[in-house]
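**Q** Sequence:
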Amino acid sequence: MRGFVVLFKRWIVERLFAHLMRSRRLALDFERRTSSAEAMVYWSRTMVMTRRLTRSRPARA
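Positions in the sequence shown are counted from 1; adding 3 to them yields this note's numbering.
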């Protein structure tokens with residue numbers, strides 16, 4: 004391919020990786036087992052979702 008081509012839904016994956024890298028344990032490869040690394044990914048996503056659910060929203064007019 005030539006030139007710049009926008010990849011479909013790439014920004015969703017990039018945003019997911021950005022949220023995961025906010026967790027310090029996921030920034031580097033500290034885990035020895037894949038099951039513990041998977042648990043840390045679930046924990047990180049849980050933290051993101053709870054922050055989204057608990058943030059205050061302005062009242063609608």
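It is worth saying that the hints were derived from the structure and are not from the lab.
Glycine included, C-beta positions come from ideal geometry on N, C-alpha and C.
Careful, some of the hints might be misleading.
For each label pair, taking beta carbons as the anchor points, the in silico distance ranges come out as [what the hints assert, rightly or not]:
| # | residue 1 | residue 2 | range |
| --- | --- | --- | --- |
| 1 | Trp-14 | Arg-58 | 37 to 45 Å |
| 2 | Met-43 | Arg-13 | 20 to 28 Å |
| 3 | Arg-55 | Val-16 | 34 to 42 Å |
| 4 | Ser-59 | Arg-35 | 18 to 26 Å |
| 5 | Arg-5 | Ser-26 | 22 to 30 Å |
| 6 | Leu-19 | Arg-58 | 14 to 22 Å |
| 7 | Arg-35 | Val-8 | 25 to 33 Å |
| 8 | Glu-34 | Trp-14 | 21 to 29 Å |
| 9 | Ser-59 | Arg-5 | 41 to 49 Å |
| 10 | Pro-61 | Val-8 | 37 to 45 Å |
| 11 | Glu-41 | Trp-14 | 39 to 47 Å |
| 12 | Met-52 | Arg-5 | 14 to 22 Å |
| 13 | Arg-58 | Leu-31 | 41 to 49 Å |
**Q** I'd like to know which numbered hints this structure contradicts. Please list them from smallest to largest.
**A** Hints 1, 3, 4, 5, 7, 11, 12, 13 not satisfied by this model.
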